[in-house]
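Engineer: Residue numbers (numbering that gives the first Met the number 0), protein chains in the order written: chain B, 0 to 418; chain P, 0 to 245.
If you are wondering where the hints come from, they were derived from the structure by calculation, not from laboratory data.
Result set (DSSO-like, lysine-lysine): computed pairs, CA atoms no more than 27 angstroms apart in a straight line:
hint	chain 1	residue 1	chain 2	residue 2
1	B	Lys17	P	Lys106
2	P	Lys80	P	Lys115
3	P	Lys202	P	Lys141
4	P	Lys137	B	Lys17
5	P	Lys130	P	Lys115
6	P	Lys141	P	Lys130
7	P	Lys172	P	Lys141
8	P	Lys141	B	Lys17
Restraint-style ranges between C-beta atoms, simulated for each label pair:
hint	chain 1	residue 1	chain 2	residue 2	range
9	P	Thr138	B	Phe19	14 to 20 angstroms
10	B	Val165	P	Gln128	32 to 38 angstroms
11	P	Asp74	B	Val165	34 to 40 angstroms
12	P	Ser140	B	Leu246	53 to 59 angstroms
13	P	Leu76	B	Thr381	47 to 53 angstroms
14	P	Asp70	B	Asp416	20 to 26 angstroms
A quick note: this is a predicted structure, and the numbers were derived from the prediction, not measured. Even for Gly, the Cβ is constructed at its ideal location relative to N, Cα and C.
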Amino acid sequence: MIWTIARKEIASNLLSYKFFIVILLTTLLLFTSFFVLYKDYKGRQADYELVRAKPGEPIAVVPPNPLSIFAKGLDEAMTRSFEISPIGIDVRTGQKSGNAVFAFFPAPDFVYVVKIVLSLVALLFGFDQVSRERENGVLRLMLSNAVSRATVLAGKWLGNFLSLAVPFVLVTLIGFALMNLDPGISFGPSGTGRFLLLIAIALVYIGLFLSLGILVSALTRRSASTLVILLLVWSLLVFVLPNLGTLVARQIIDVPSVKALSEKRTQIWTREILLQIVEQRAVNFRGDGAIRKRHLDAINTELNALEADYRTKFDRLVRLSKTINRLSPAAGFVYAATELAGTGIGEESRLKSEVIRHKDAVLLEMDRGVKEHPAFVYRYRTVGRVLAEGGLFDLAWLTIALILFFALGFVAFVRYDVR
Amino acid sequence: MSKQNLILKADDLSKRYEDGVLALDHLNLDVRAGEVYCLLGANGAGKTTTINLFLNFIPPTTGTCYINGVDVTKDPLEAKKYVAFVSENVMLYGNFTARQNLDFFAKLGGKTALTKDAYYQVMRRVSLQEKAFEQRVKTFSKGMRQKLGISIAIIKDAPAILLDEPTSGLDPKAAEEFLEILQELKSEGKAIFMSTHDIFRAKEIGDRIGIMKEGRLVLERTREELQFEDLVKIYIDYMKSEPHMA
Numbered sequence: 000m001i002w003t004i005a006r007k008e009i010a011s012n013l014l015s016y017k018f019f020i021v022i023l024l025t026t027l028l029l030f031t032s033f034f035v036l037y038k039d040y041k042g043r044q045a046d047y048e049l050v051r052a053k054p055g056e057p058i059a060v061v062p063p064n065p066l067s068i069f070a071k072g073l074d075e076a077m078t079r080s081f082e083i084s085p086i087g088i089d090v091r092t093g094q095k096s097g098n099a100v101f102a103f104f105p106a107p108d109f110v111y112v113v114k115i116v117l118s119l120v121a122l123l124f125g126f127d128q129v130s131r132e133r134e135n136g137v138l139r140l141m142l143s144n145a146v147s148r149a150t151v152l153a154g155k156w157l158g159n160f161l162s163l164a165v166p167f168v169l170v171t172l173i174g175f176a177l178m179n180l181d182p183g184i185s186f187g188p189s190g191t192g193r194f195l196l197l198i199a200i201a202l203v204y205i206g207l208f209l210s211l212g213i214l215v216s217a218l219t220r221r222s223a224s225t226l227v228i229l230l231l232v233w234s235l236l237v238f239v240l241p242n243l244g245t246l247v248a249r250q251i252i253d254v255p256s257v258k259a260l261s262e263k264r265t266q267i268w269t270r271e272i273l274l275q276i277v278e279q280r281a282v283n284f285r286g287d288g289a290i291r292k293r294h295l296d297a298i299n300t301e302l303n304a305l306e307a308d309y310r311t312k313f314d315r316l317v318r319l320s321k322t323i324n325r326l327s328p329a330a331g332f333v334y335a336a337t338e339l340a341g342t343g344i345g346e347e348s349r350l351k352s353e354v355i356r357h358k359d360a361v362l363l364e365m366d367r368g369v370k371e372h373p374a375f376v377y378r379y380r381t382v383g384r385v386l387a388e389g390g391l392f393d394l395a396w397l398t399i400a401l402i403l404f405f406a407l408g409f410v411a412f413v414r415y416d417v418r
Numbered sequence: 000m001s002k003q004n005l006i007l008k009a010d011d012l013s014k015r016y017e018d019g020v021l022a023l024d025h026l027n028l029d030v031r032a033g034e035v036y037c038l039l040g041a042n043g044a045g046k047t048t049t050i051n052l053f054l055n056f057i058p059p060t061t062g063t064c065y066i067n068g069v070d071v072t073k074d075p076l077e078a079k080k081y082v083a084f085v086s087e088n089v090m091l092y093g094n095f096t097a098r099q100n101l102d103f104f105a106k107l108g109g110k111t112a113l114t115k116d117a118y119y120q121v122m123r124r125v126s127l128q129e130k131a132f133e134q135r136v137k138t139f140s141k142g143m144r145q146k147l148g149i150s151i152a153i154i155k156d157a158p159a160i161l162l163d164e165p166t167s168g169l170d171p172k173a174a175e176e177f178l179e180i181l182q183e184l185k186s187e188g189k190a191i192f193m194s195t196h197d198i199f200r201a202k203e204i205g206d207r208i209g210i211m212k213e214g215r216l217v218l219e220r221t222r223e224e225l226q227f228e229d230l231v232k233i234y235i236d237y238m239k240s241e242p243h244m245a
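Whole structure, please, built from the sequences with the hints as guidance.
Structural biologist: As structure tokens, then:
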């Protein structure tokens with residue numbers, strides 16, 4: 000019986016203008032996103048070829064991640080080149096060949112389209128399932144038969160989910176297949192697996208919003224009220240909560256600004272250079288090299304401590320922001336998707352740690368007089384590790400929210416007055 | 000009539016809503032196989048509440064409804080196997096054709112192996128125009144939708160049919176056609192329970208007629224009894240009377 004109702008929902012959607020327009024728009028958006036992000040990736044790939052380290056050069060730079068076409072995340076920040084010198088790490092800023100428009104508007108990648116557009120579409124599919132059918136009397140006719148409300152709800156959910164999921168998965172897979180036609184892009188088995196997992200997470204996220212739509216529909220008497228409430232809830236979950244978390248965390252944890260950090264660095268430098276000059280004058284510039292080295296070491300030690308302190312505070316800020324933001328399923332989805340794609344906060348943090356480790360190794364070699372340095376190699380975390388380090392939590396949270404909304408929708412529907 | 004023929008039964012049925020309104024007050028009635036029971040009453044008299052209780056859309060405050068001997072509150076899904084329902088304004092799925100609607104509701108009613116011809120046959124039986132069979136229901140007039148509604152009830156082939164003011168808003172010809180279909184169903188042995196405002200049609204088709212006022216069944220007459228009484232006068236008198244007199 001569930002399948003009978005699901006088939007009816009699918010057929011009903013296929014015959015409606017709403018479905019046609021929504022699917023057309025979503026398809027256009029997804030393909031536009033793939034095209035724009037593909038071009039962006041190719042541009043950044045060309046940049047990488049220009050700035051990549053020559054053999055022996057103390058430069059740490061990683062190529063752009065092909066999965067950033069779908070989940071751009073922090074890939075642009077991660078693919079900057081880090082030049083290592085005795086005075087520390089210099090991040091090249093002139094290497095920004097990505098789409099400048101993204102500085103003003105978020106990259107309309109797959110994750111963005113799912114987070115904003117498909118969540119809204121899922122709500123639009125769910126909002127009229129109970130309240131509108133009550134208004135037009137079909138619900139009474141349906142429930143006058145020997146069919147349980149659980150069956151009706153499950154059939155409605157399944158039918159609408161499939162109506163959304165099948166075209167979405169098809170369009171996404173076609174986009175992925177088209178990317179694979181470019182010999183310059185290689186996802187490999189790991190990338191393909193990650194991409195499929197990305198789709199699975201997106202489906203959980205879409206299912207969650209569909210359940211939310213049905214839940215609110217089963218809590219309201221009029222479909223117009225359902226729609227207004229859902230739009231408010233959607234704005235809250237997708238826009239307000241993820242930003243609120245970051246703002247609240249900033250009030251709790253005080254992290255110095257990048258400008259303040261930079262000024263502090265300059266102060267350390269100036270102080271040590273002046274001390275060095277004073278010392279060198281005192282000994283008539285004898286033993287010049289030893290004095291210079293001592294002060295450079297002092298600078299390095301102090302800058303490292305400064306950097307470590309900043310990173311500790313920053314990591315706490317990020318952790319707290321993430322925790323608060325996770326109240327919103329949209330944030331949970333973005334975290335899970337970007338970490339899985341290798342463009343998330345965790346991956347970026349790990350890359351920075353690896354760069355610092357590489358810098359220390361290079362500086363040690365410089366001290367020993369070695370001129371040629373090993374190339375910087377960064378290996379992305381495995382899927383298992385990504386899942387273990389928070390990905391599984393986000394996925395579980397999305398799944399629990401989906402089940403919770405569906406269960407609450409069921410309770411509301413069982414108690415729903417169909418008159 | 001024997002007890003075995005009893006298809007619908009309301010036993011001391013009462014319903015008090017959460018706002019305190021007593022919509023139904025100790026109602027006792029039954030409908031037998033091959034009988035048409037018409038329930039008359041003003042708006043708010045409790046006619047639709049009675050139907051809602053039979054369909055388990057709302058729980059009774061006291062009393063029990065039985066459909067084909069099954070307690071509706073205790074086993075609603077089993078009870079609903081034996082009842083079909085036609086509402087005042089059959090809406091259905093506008094994007095579906097008449098046949099697709101019929102197919103869906105037939106399947107919900109447990110008829111899973113019906114052919115297109117079977118659907119066409121039922122729609123012909125209710126005099127739905129042939130060209131409308133594969134037309135989208137959103138283009139249908141109210142009369143056509145009511146015919147499709149009764150087709151759904153026919154195809155379910157349940158022993159009881161509940162109708163909530165089914166002829167309300169229909170033109171006289173459509174209403175007459177509708178009653179003819181009900182007559183046929185009655186002759187097939189269906190127990191038909193119809194709430195209506197239409198005294199004349201109730202008298203025309205009803206084997207028994209009940210008048211409800213403020214949740215109470217204030218009068219019940221058989222067709223035979225009404226041969227010697229003026230139903231219109233009785234009805235108007237009851238509507239005018241004070242509650243305690245009723």
